Amino acid sequence: MASVSVQAERPGGLLQRPHATTGFWSWFTTVDHKKIGILYGITAFGFFLIGGSEALLIRVQLARPDQTFLEPAVYNELFTMHGITMVFLVVMPLSAAFFNYLLPLMIGARDVVFPRLNAFSYWAFLFAGLFIYSSWFLGGAPNGGWFGYAPNSVTDPSIGMTFYAIGLLIAGIASTVSAVNLAVTVLNMRAPGMTLFRMPVFVWMGLVVQLLLAFSLPVITIGLVELLFDRLFGTHFFDVAAGGSPVLWQHLFWLFGHPEVYILVLPAMGIVSEILPVFARKPLFGYQFVVFSGIAIGFIGFGVWAHHMFAVGLGPVANTAFAVSTMIIAIPTGVKIFNWLGTLWNGDLRFATPMLFSIGFIAMFVIGGLSGVTHAVVPSDYQQTDTYYIVAHFHYVLFGGAIFGLFAGIYFWWPKVFGRMLSETWGRVNFWLMLIGFNMTFGPMHILGLQGMPRRIQSYPASLGLSFWNMVSSIGAFVIAISVLVFLINAVTSFRKPKQMEADPWDARTLEWSTSSPPPEYNFEEIPVVHSLDDLWHRKYAETEGGRVVPVAAGGSGEMASVGDHVGGDGGAGHEGGHAIHMPSPSYFPLIAAAGFPIAGYGLIFGVPAVVVGLVITLAGFFGWALEPSAE
Amino acid sequence: MASLEHSVAPPVSDHAATSTGLPSLKLAMWLFLASDCLLFGALISTYVLYRGASTTGPYPSDVFDIPFTSVSSFVLLASSLTMVLALAAIQRGDVGRSRVWLLATALLGMAFLGGQVYEFTSFVREGLTLKTNVFGTSFYVLTGFHGTHVAVGVLMLLTLFTLSFAGKITQDSAMTVELVGLYWHFVDIVWIVIFTVVYLIPTNPGPGS
Chain A
1 MASVSVQAER PGGLLQRPHA TTGFWSWFTT VDHKKIGILY GITAFGFFLI
51 GGSEALLIRV QLARPDQTFL EPAVYNELFT MHGITMVFLV VMPLSAAFFN
101 YLLPLMIGAR DVVFPRLNAF SYWAFLFAGL FIYSSWFLGG APNGGWFGYA
151 PNSVTDPSIG MTFYAIGLLI AGIASTVSAV NLAVTVLNMR APGMTLFRMP
201 VFVWMGLVVQ LLLAFSLPVI TIGLVELLFD RLFGTHFFDV AAGGSPVLWQ
251 HLFWLFGHPE VYILVLPAMG IVSEILPVFA RKPLFGYQFV VFSGIAIGFI
301 GFGVWAHHMF AVGLGPVANT AFAVSTMIIA IPTGVKIFNW LGTLWNGDLR
351 FATPMLFSIG FIAMFVIGGL SGVTHAVVPS DYQQTDTYYI VAHFHYVLFG
401 GAIFGLFAGI YFWWPKVFGR MLSETWGRVN FWLMLIGFNM TFGPMHILGL
451 QGMPRRIQSY PASLGLSFWN MVSSIGAFVI AISVLVFLIN AVTSFRKPKQ
501 MEADPWDART LEWSTSSPPP EYNFEEIPVV HSLDDLWHRK YAETEGGRVV
551 PVAAGGSGEM ASVGDHVGGD GGAGHEGGHA IHMPSPSYFP LIAAAGFPIA
601 GYGLIFGVPA VVVGLVITLA GFFGWALEPS AE
Chain B
1001 MASLEHSVAP PVSDHAATST GLPSLKLAMW LFLASDCLLF GALISTYVLY
1051 RGASTTGPYP SDVFDIPFTS VSSFVLLASS LTMVLALAAI QRGDVGRSRV
1101 WLLATALLGM AFLGGQVYEF TSFVREGLTL KTNVFGTSFY VLTGFHGTHV
1151 AVGVLMLLTL FTLSFAGKIT QDSAMTVELV GLYWHFVDIV WIVIFTVVYL
1201 IPTNPGPGS
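Line by line, the protein sequences are chains A and B.
Position 146 (the first sequence) corresponds to 146 in this note's numbering; numbering is contiguous.
When you read off a place in the second sequence, starting at 1, and then add 1000, the result is the number in this note's numbering.
The shape of chain B in the complex, shown without the other chains (with noise of 0.2 Å):
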């Protein structure tokens, strides 16, 4: 029928220019950020409403190590620059600058989550699970959240590093390394966020203390 030659049909979606004039791509991520804003502002909610109504320890103030995690916060912010880097490379057509940039950002996002995975443990140790207090469970969804969002990040950026290798990422596929890259500013920029609104807010102590 109508599907011949399919294997070199364009998309559909490069028919013709798009009515707004925006690639679809990009309308289309802009928008599911917009949409994933909401998932992160109901949960800051939560964690916020739940400040302070923690009935027994540990409080935030017992467990919250702020020089270690400014640094790995720093660590997650730098990714940003080298995703800047990576977009920029591809855009010039210089796979080979890209492909190193791309596994930056990749490496810095890993370095992230390793202290993310530190952090968790030592707080474990010192008491603080998700079943502890409300204080627990909302702090470790919420930043266990933003960590699956860092971690799925990482594994697009892989899966961009190692399609580079197939001659797959080329100066044309700049639009999907600019696409990660807005998925990955995002990310980043709802970390200033929460490490503003958990972190560095001082937590009236519970009730209990």
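If we strip away everything but chain A, and leave its shape as in the complex, we get (with noise of 0.2 Å):
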């Protein structure tokens, strides 16, 4: 539709905007940051597909002592793509599809603050996907590890690893560029009224999560330069014999690393914190502690990095130290766990799928957590390093914390974005099968670890008396497949069904609620006015003297702001509301300059022509960007 009527400054067909905003081919030139954030979700899932299956023939290799399913080599690289893909490829994308499509409805703003940007992050990230994942068609997939350790990672003779670094490499490009987006997004476009702190926890996590990303991903870029250089051009950074340092490597894994684990599981507890109230109804229990420990656990943890280096030797001061530090940051964890069981506390709960997924994710981390503890230990991690208990400590904060999380929001916001419920029942199905199975593969891990069994190894003898419970966890392994095969069934399933467009199913406290299901493109007829933290949730109910809740006389769930019902009297510009409000055109140049990033990428590890191919198009991409008619 979209007939375009004014043309005022058009320099040249060249630089002509795409008007399309729906259709298959909309996709590829939306700046839409809800459409974006599908995007984001769709092709994070996809990874957690492919990065699921490599657990699978993982688990199908250790179920049995001495097997020879898996050769060595495909092991190697069946692990390590499995950590790039769930940790850069599944929980980055995913909470940046949360944080893509909720932020500007959260603070009441109609996009981002810059909408084209938002598009080239996500290519570029797709890209970085897609190139680290030819790979495996190219020559070999990575096979060091996701922590890609030196000197291993530079002398290893196989591409892999040079693709891991350029891939990395885009990956970061994407998320640097995303982060600075969102952070000034959430600075600076908010709705009146919309303070700091009646911002929900949410989109405080969001921002926190923005700046560990800005303040973190250089470091693993100088480190992954580094690696780079080393592999492609000779230099010397990680070789001893020449003076150079593998230990730096560490440092600058680690130095970003760490904070990553909070980029992955801060997410999933600001959508925690959105959830339990709203099946609690009852505010969140001391809303400026969860705030401020999520800010202190984004300081602190820029300042724990070396409790992954115990092993390593840097000497007792360091261990020392780094082993406060990190019992430190289990206080601000700490506090928010207690804030969300008084959450829950003497609520009037309801047990729908998303506070299931909720109170699962509070228990399976909670276990994460204290297992966490035990690693600051300086002693008991000499014993546990390198072993399946540190794989169990990490799954249970990544999954049982992260993945667990991510589904308490996928269920939560399904109706808001698609207008459909997902079913209950598949819902329940689904949490329980991955609850079990989760327990069943990571559980055993922690006594197969504290029994000695290595990570990263390929087999094992039946004399070392671990057979068993490593067929538990490959059994377990696939419950969790069956549980992610439910949720599948429960997606595509549910959109059969007519679509409710109900605003506010869940009779929610935020202002993503208070618009239609799914929202239009401009998100809200009128920007809202804010006037108290949980401000759509006073807009229905005031407290009696008594401290009763009761329905605000005009207000009721669902009633809220029906963009259809609302077709505006002038001129006949669209038959939906709205009209007058101008959103950002689409545009061809966010897809163009990521396109070249994978072109420069194939054009290092193959022929130079190609970086220069790859350069010149991202070059032309920026420029038409810049030159383009209505700047964002």
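Keep in mind that the hints were calculated from the coordinates and are not lab data.
Be a bit skeptical, because a hint or two may be false.
Here are some chain A residues the structure puts well away from chain B; computed CB gaps all over 10 Å [stated by the list, open to error]:
#, residue
1, GLY145
2, SER158
3, ASN339
Just the calculated beta-carbon pair ranges, DEER-fashion [said to hold, decoys possible]:
#, chain 1, residue 1, chain 2, residue 2, range
4, A, HIS531, B, ARG1097, 28 to 38 Å
5, B, LYS1026, A, PRO551, 37 to 47 Å
6, A, VAL378, B, PRO1202, 55 to 65 Å
7, A, LEU130, B, THR1121, 51 to 61 Å
8, A, PRO461, B, GLY1052, 44 to 54 Å
9, A, LEU130, B, PHE1074, 45 to 55 Å
10, A, VAL324, B, LEU1200, 28 to 38 Å
Keep in mind that this is a model prediction, so the values were computed, not measured.
Beta carbons are placed, not taken as given, at the ideal position from N, Cα and C, and that holds for glycine.
Relying on the hints, combine the two individually framed chains into one complex.
Have a look at this one:
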């Protein structure tokens, strides 16, 4: 539709902007934060299925002792790709999907501050993922672990770790750009009255995560550049013989890698902090404490990295200092746990699927957190380093924590994004299967680790007595796979049902529920004016003197803003309301600019001409971007 | 749909005053530069860590020509002045003067880059390459990374210079010039740190000498 009425300054055909905002091709040029959020979500979920399949292959290999199902070399590739995929291509972009979709809605904005830059971030992330995965077909996947420890990552003769370095550099550019964009959005695009301390906790966690990204990614970027130079140009950054130091890689990696842990888990903490109050029908207990704990975690997160390196031999002073800072960071995390419990306490609890996943998150994250504290004790850590105990720990934090939280968010916001509810029955099946499968898979790894089973080995002899728990763990992995299958069935069948388009199906508290489901392109007919924390709730309910919550006469759930009824009077500009609201036009250039990166990356590996081609494409993309009409 | 009249639509970010009162582009540039600080921080740390760790020569004292690099450093720092003058001119609405200063800034930047190319070639001639030792490795990557930043800045300056002839750089777009200026000053300040740490603070000769 979008017939264009005014074309004031249009320099030439080449720089015309596309107009379509619906249809298949519009997804390639969209700058709408909601569409980009959906793209992030679908892409990340696709990688989740791939990364999960890699995990299943690993578990098949380890199910019984002395198996030869996978060659050791393939096994190395699989556990490396599983780690890279789940960290960089699943949890980070799935969180980015929620941030993209929700941050503008939650602060009462019409889009992010730089919509085209947002599209650029998505495409660069997608190309980074495809680039890394293309290594399977172009000479072998990365095989040095997701942490890529030097000097192994430098001297390994296969091509995989070069793909690793370049792919993660591209993903890093995508994340840094996105971090700046979203941070400025939160700081600068808030609706009138939306002061910092009226922002939902999810928005706060979003802001903290973006700042963590902006300040930790540059460190790994330099590490990756040094690795790449060592591999491609014969430099000596990590070459001991020439005076270099492989420990430098570990510092650079973990100085990024530990903030990264909070980058992965804070979004889930934000999601849970939104869901618990809705299903307990109580405000979040100690909002300020939750916010400040999140900020504290962000700061202290930069001071604990060497607890990943206790066994390296940094010396007792360094080890003690990092042991102490690691124990300190458990405090703000613990504060949050108690705030969530306080929110549930005496609440009018509804155990819908998002609530189940949220409670699952808290329980599993506590287990992961406690095993984490055991690593802070240096002598204990010496025993645990490079054993399955570590594998158990970080899966409790990143799967039991991040993934459970993200699933809670998927069930919670699905009706907002697609205008349809997911089935509660399938949801419950999904939750319980995942909870049981998860604990079957990763619980026994604590025992295996303490029995001394090392990480990253392709097989183990039957005589070690590790067979039983490994079999339990492998069966659990398939239970998780079935639970994900249940989710997929739930997701697909939800589209068979008619759209309900209910604005506020959960009787929720934050601004995104005040607009229609799914929201119109411009999000809000009128930018809301915010008067308090949980503004929507206070528009719907008031408290009597006795402390009882009663509906406000004019309010009530589902009553708010249904845009479909609201066709404006003037000029047949469209059959929807909001036609006077100018939204930024779609653009080809974010896609073009991002497309240059993987081409330049292939050039670095296979031949210099492609580097030039890639850089020219990216540069042309940026120039077209800067010069096309109606700059953002 | 809602994208009607899109070519004259004001940017989303200009619909209202921003929440912090700071222009969004400027805030974004500051955040980017803060992030960029850590890129240089990691590289400078690498250089400092490997100071004196080379097992073979040439060592820094064998190749550095401090007077020459001082002059090229002065050229780069002088370009900050011309950048300030370019911004001041465009804020007054004096496009012609601004154009001259933009070009001057770009030329000074290119002179610095020329100096770096000359320096690199003479070092290579004296036997110091990327592969020679960890000094060569960490020196070339750090200063080359900075040189790349300068080159990107020169590209942006020349773009502004060219656009000014198309009437695209006016008093209203002073913000664009200011943003490029922020980047340019940042690159200059980083060079002060690099020049001090790499060139001026003497390094112990390696264990081999």
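Beyond 10 Å from every Cβ of chain B: is that where the Cβ of SER158 (chain A) lies?
holds, 22 Å
Can you tell me whether the CB distance of LEU130 (chain A) to PHE1074 (chain B) sits inside 45 to 55 Å?
Holds: the Cβ-Cβ distance is about 47 Å, inside 45 to 55 Å.
Non-interface claim for ASN339 (chain A), where every Cβ of chain B lies beyond 10 Å:
holds, 26 Å
Is 51 to 61 Å a correct range for the gap between the Cβ atoms of LEU130 (chain A) and THR1121 (chain B)?
violated, 39 Å
Against the range 28 to 38 Å, how does the distance between the Cβ atoms of HIS531 (chain A) and ARG1097 (chain B) compare: consistent or not?
violated, 50 Å
Distance restraint hint 28 to 38 Å, applied to the beta-carbon atoms of VAL324 (chain A) and LEU1200 (chain B)
Between VAL324 (chain A) and LEU1200 (chain B), where Cβ atoms are some 37 Å apart, the hint holds.
Could you tell me whether the CB distance from LYS1026 (chain B) to PRO551 (chain A) stays inside 37 to 47 Å?
holds, 45 Å
CB of VAL378 (chain A) to CB of PRO1202 (chain B), is that within 55 to 65 Å?
violated, 38 Å
For GLY145 (chain A), is the shortest beta carbon distance to chain B beyond 10 Å?
It holds; GLY145 (chain A) is separated from chain B by about 21 Å at its closest Cβ, greater than 10 Å.
Could one say that the CB atoms of PRO461 (chain A) and GLY1052 (chain B) fall in the range 44 to 54 Å?
holds, 48 Å
Going through the hint list in order, the structure does not satisfy hints 4, 6 and 7.
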